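**Q** For the record, the sequence lines run as chains A and B.
Under our numbering, the final residue of the first sequence carries the number 1161; numbering is consecutive throughout.
Under our numbering, the final residue of the second sequence carries the number 335; numbering is consecutive throughout.
Any given hint could be a false lead.
Partner residues aside, some chain A positions facing chain B, computed with beta carbon under 7 Å [as the list claims (entries may be wrong)]:
1) D103
2) Y107
3) L111
4) Q734
5) E943
6) G1009
No farther apart than 20 Å at their CA atoms in a straight line, the calculated lysine to aspartate or glutamate pairs in the DMTMM-like style are these [to be verified]:
7) K1015(A) <-> D326(B)
8) K1015(A) <-> D154(B)
9) K325(A) <-> D383(A)
10) K294(B) <-> D103(A)
Hints listed in this document are in silico derivations from the structure and should not be mistaken for laboratory results.
Fair warning: this is a prediction, and the values are worked out from it, not measured in the lab.
Virtual Cβ for every residue (Gly too), placed ideally from N, Cα, C.
Residue-level listing of the chains:
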Amino acid sequence: MVSRKRSSSNSGPGSLPNKHHNHRHDSNSAANDDSFNELLKPIYKGKSLADEVNTAEDKWNLLPAFLKVKGLVKQHLDSFNYFVDVDLKKILKANEKVLSDVDPDFYVKYLDIRVGQKSSSKTKDPILPPHECRLRDLTYSAPIYVDVEYTRGRKIIMHRDLEIGKMPIMLRSNKCILDGASDSIMAELNECPLDPGGYFIVNGTEKVILVQEQLSKNRIIVEADEKKGIVQASVTSSTHERKSKTYVVTKNDKIYLKHNSISEEVPIVLVLKAAGITSDLEIMQLVCGDDATYQDLFVVNFEEVAKMGIFTQQQALEYLGSKVKTMRRYKLTTLQEGIEAVATTIIAHLTVDNLDFKEKALYMAMMARRVVMAMHNPKMVDDRDYVGNKRLELAGQLMSLLFEDLFKKFNTDFKANIDKILRKPNRATEFNPLLSINIHSNNITSGLNRAISTGNWSLKRFKMERAGVTHVLSRLSYISALGMMTRISSQFEKSRKVSGPRALQPSQFGMLCTSDTPEGEACGLVKNLALMTHITTDDEEDPIRKLCFLIGVENISLIDSANLHSAYGVYLNGTIIGTTRFPTKFVSQFRSLRRTGKVSEFISIYTNLHQKAVHIATDGGRICRPLIIVSQGESKVKSHHLLQLKQGKLQFDDFLKQGLVEYLDVNEENDCFIALYESDLSINITHLEIEPFTVLGAVAGLIPYPHHNQSPRNTYQCAMGKQAIGAIAYNQFQRIDTLLYLMVYPQQPMVKTKTIELIDYDKLPAGQNATVAVMSYSGYDIEDALVLNKASIDRGFGRCQVLRKNTTILKRYPNHTKDIVAGMRVNENNEPIFQHQSLGPDGLGEVGTRVESGQVYVNKCVPANASDSIMDQAAATTEHRETPVTYRAPEPSYIDQVMMSVGDNDQALIKVLLRQTRRPELGDKFSSRHGQKGVCGIIVQQEDLPFNDDGVCPDIIMNPHGFPSRMTVGKMIELISGKAGVLNGSLEYGTCFGGSKLEDMSKILVDKGFNYSGKDMLYSGITGECLQAYIFFGPIYYQKLKHMVLDKMHARSRGPRAVLTRQPTEGRSRDGGLRLGEMERDCVIAYGASQLLLERLMLSSDAFEVDVCNECGLMGYNGWCTSCKSAEFVVKMTIPYAAKLLFQELLSMNIAPRLKLGDVF
Amino acid sequence: MVDNIVKIEHDRVTNTVSTDYPGFHNDGQDYSWNLETFKSKFDIKISYLNERVANFDLVNIDTSVANAFRRIMISEVPAVAAEQIYIFNNTSVIQDEVLAHRIGLIPLKVDPDLLDWVDTNIDEKDRATDANTIVMTLDVTCSRNPNAPKGSTDPNELYKNSNVYARDLKFEPQGSQMDKLKTPVVSADPDILIAKLRPGQEISLRAHCILGIGADHAKFSPVSTASYRLLPTIDITESITGQDAREFQKMFSTGVIDINSSGEAYVKDARRDTVSREVLRHEKFNGKVKLGRKRDHFIFNVESTGAMSPEEIFFKSVRILRNKADYLKECPIGN
């Protein structure tokens, strides 16, 4: 056997072009959109370019066009790009100067910041390619450069491209070397062109920062507790500096303001007075307007403040100041405290210039008004679970929080260092601060790395301590990796038994997948994005504010309090900026500006009639989706547009620019009237859906005919599709992962969906088309068990490979000794000993050789004296002890790859990949795409299986009892469509709310000489006679799931025991015993098999012979009772060791259990 | 009288079990099996035969016997396939086990009668002899084609040996095999793709091919399929004419129903019907037609993998069944 060994030191494993790449387009096509181009000119349902374009049927082409621009993980990439391009610069601006306490003339000023690009160069810095980082356990990162200006003596010096650390780079972001790479470049870099990116590589592991769902910041949420009669309006203020929450609550029908740093609730009127609105009339006007019912509800609030004798702003501020909880180094007067509280603490996201509290007073008055409205009409509360009230936090935002924290710490350290040096009275040379900047650069690098690799986001500024932010990207299958990129995790506690946040919200329609959520405790809390969604990033507020004033909004600062509520309020990101008397006109004007591209397409505007308000949102984290604009009952997208799209003359963005399509967020969707199909259009309709199946996400999109299934079945499939074994990526054979499952002969499904094509599942499938007979056979198919055809298995059905990695590090020790790899040992015949049979002369396993249990594949040796000091030079002359890496498993493996490289800290890194090829066996788990899982119950010879007129035998027999209770009608339709496809030589579609029609499929069956129902007459393979029932017979796509018997089987007779209790150990990994538990024990007791009980619970477990003194009842030793000092009454008996242990533990806590022995017979 | 028609009804199949044995019928006839009556009634009609496919009818034979032939053809007629693969070098993307599995499934053109069975009692080292093992080798190295047309992206033009086919398996005669086998052993289908290579990649292996049966592994099965169907019968009980007749015609496969000069539908060739039961779906023809299949008329279809001719496979199945019967007759337990 000859080996092929792969070694990689600095360059990646030099490999040849993978066969997968060759039939794809070549390098001259500009970008990685080769696959999408195919989709854009599809011959779908027999239609080609020249055919007539029907808008109703062909508008779905906008979806691939959308995905071409956006991609499936665009939200992550957008967010990260925004962070490195915009947010970094903002952070730098906010922390731009480092000053010294010692030398007032000294300063360092940051001018610019860039990631992975020097100011001089036009191109990106070359960085280590991602796949090499994966293999060598490195971090895929690029240097962060800053330009600085600083003083040296009297001179001001500018320095460019100073590296302050390294930033982990999100794959396929615009800082990644894969950005815009063609397929051939991707192949050269050993990357899979279908890999979506959107994750980081930290220390060799792929890490995803999951999308986090939160309640929106800086918005008023009104809630009511009807039992306690409490109404409260709250707002979470979030700024770069801090986060705080302000409440306006009712207590005994009076309204108070509550805040964490104010020790008690303060009457709202008092706070408004403190904010400068001293006139009771004006307060009444601001809160209630001229509505008499509101006035009646609110009027009581004046009484309390009047009784307290507070009438002026000064009094109010002093009162407020006395209630503030502060931790300041220096004392302020209560008045100053009060001013400070109103200016910075209460509703912190509003900034106060020149102590003008008007804006803040208005905001609080609005909160009070919302409370009054909710008191008057309990329906005027907000829904926490409404998707419009949620914001999604993405990788970029989290990274920016982290970076700002680290950068601030970096600057404080830098400053401390500068101060230390400047304080020295007489320095030899002129001070150069750049010399000390590099010392701290490791803090940023390691801080970022640590946070991403552990997932612990701890920020002192916000007292934020979040664990589990990042997850290891699951590479079980292509779908599981993709599913992880669209996952949204909620901040809600999993253990709480609440139904609200878990329930499916109507507002999730089209934004979040309706099917894809886990079962069990995280059900409904972990969600997935639908196929056609976009998550916004922050946009500038000021231009929008100016624009509003230009198109007729009356500025709030100019409005008389009395007239405030007579017109509609205009709110920008939750803050009132003005009023308008003609809201409809204003909104439509604003929308037309957005549609013409004068305003960013992601800004939403909508009217809330209940609140008499127009809301404009520019903040990041809103989910939105594109819809076709309809005017006068006619879709703006006409057939010639679609034709141009197909011909590639138009892009999705052109549709946006031309005002044919626009993005709507959840709130604005509520303000619209959206038609599902073109036939539903009428004069009132404002928008048209692009494609109804986009209510589902990427993972649920795999299910054929999901609209015919009972909904939980689709949810089950979403969980199982992630466990299916298949192809993972085009670079799957180059990867060295801890655990990798691959299918040997994966097939694309006979019944596809459009989603399958869009997410390239047909190129990286996970399953095979099995011919299924739905019948009962042999009795080994009850309880969802499947009957498999042995000949099919012989021919490669369900065959899969399991690749397992083992990492060995050759360490270096302080005393100059180091680990080595020893060669193989031979016996007297000069043949290698059994343990070393797979080793080569270098002591590493040879590629292609078989390793059995007990054999060594890395013959590592450690120095015998690694702990000795360096001084003993003699000892350092190497003596080594063998610490080989031994293979232990019931089945042998083959060595697939051996990689030797140098890791981060100059230590040699050896990775060995072991491979097993497995054929399906009894107990292996399979599942169709309809949440119908089953294990293999029996494997049957081909000649015993039923066959039809053509001599076709089933690959799988499924029991018909799986259907009635599960109601997976989609599976039956899949079978008929698949069968029609097989006979017709076509791939059929099972797209949600569409797909090939059952009638057409039945027609094909009849035309090809089969029964319309898909049921065939079969002959029994055993008797040869006809079966008396017609059998539902045809292809269904089956997935092999990762749960295989070989990984689970376990038995033991004798084996290891736990040290403390001397009972058998627990668990397969520790070769543990199989527990005879309490319920089994009960059965044995009930049956009366006392001797069996004794054997199981004691003799075969932890029997122990003790000497019991029948006189004192305590246990003795060696036939001697130590307490009675005699051997007279000592009796030998056998008890469980755990019982003996219990007695001794009781003794140790001053309880003396005494054994009284008596005769049984 | 024995009713030997399997009734094809709308939702079920009835009368599937044969009843022509003594004691079932009470009509005084002798139903015990008799060689002479069998000889006189039994018939074989061959309708199609080439080197890969045979289509023939067995008429007036019991289901059990016909089924036994089918079962034996699939799983007990011996054939030759690669069993052990010794890999010297394999630098292709395809893994050793998968490559071995693929080579094992390649049908080889060897007369199995010329080979002995491998005796598993012999020690593994001495088991293989020239009498029971055929050695095939596969040595392929891929290289760049120096004469490739400029700008070509077709791997077949760019590289040499980029595709490894079954024809690349070379026979290595051992001992007296060349005299015994007459012709070199080749794959029955030379165009089976084994692997794809790229320049610098190489496969070098040696395959030991032995005799085996399909019950052991599907690669030893000499047929890709061997099965039968029962002869369909169509019984028009009420005359169907005019437009109805034309509709009726469409309910069956082409050529099954014809319409005579008076516009009445009649059964022209029931054998061609695939029994789609379409006619039973339609209210219009309710009670006008009876579908059935003759229980003792088997239309066999045997597709060989290429090692043997299909008729030989059938003959072998008959021989094996006879040997089994002989064995049972002589069986010490029975006596």
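**Q** Of the numbered hints stated earlier in the document, which are not met by this structure?
**A** Failing hints, ascending: 1, 2, 3, 4, 7, 8, 9, 10.
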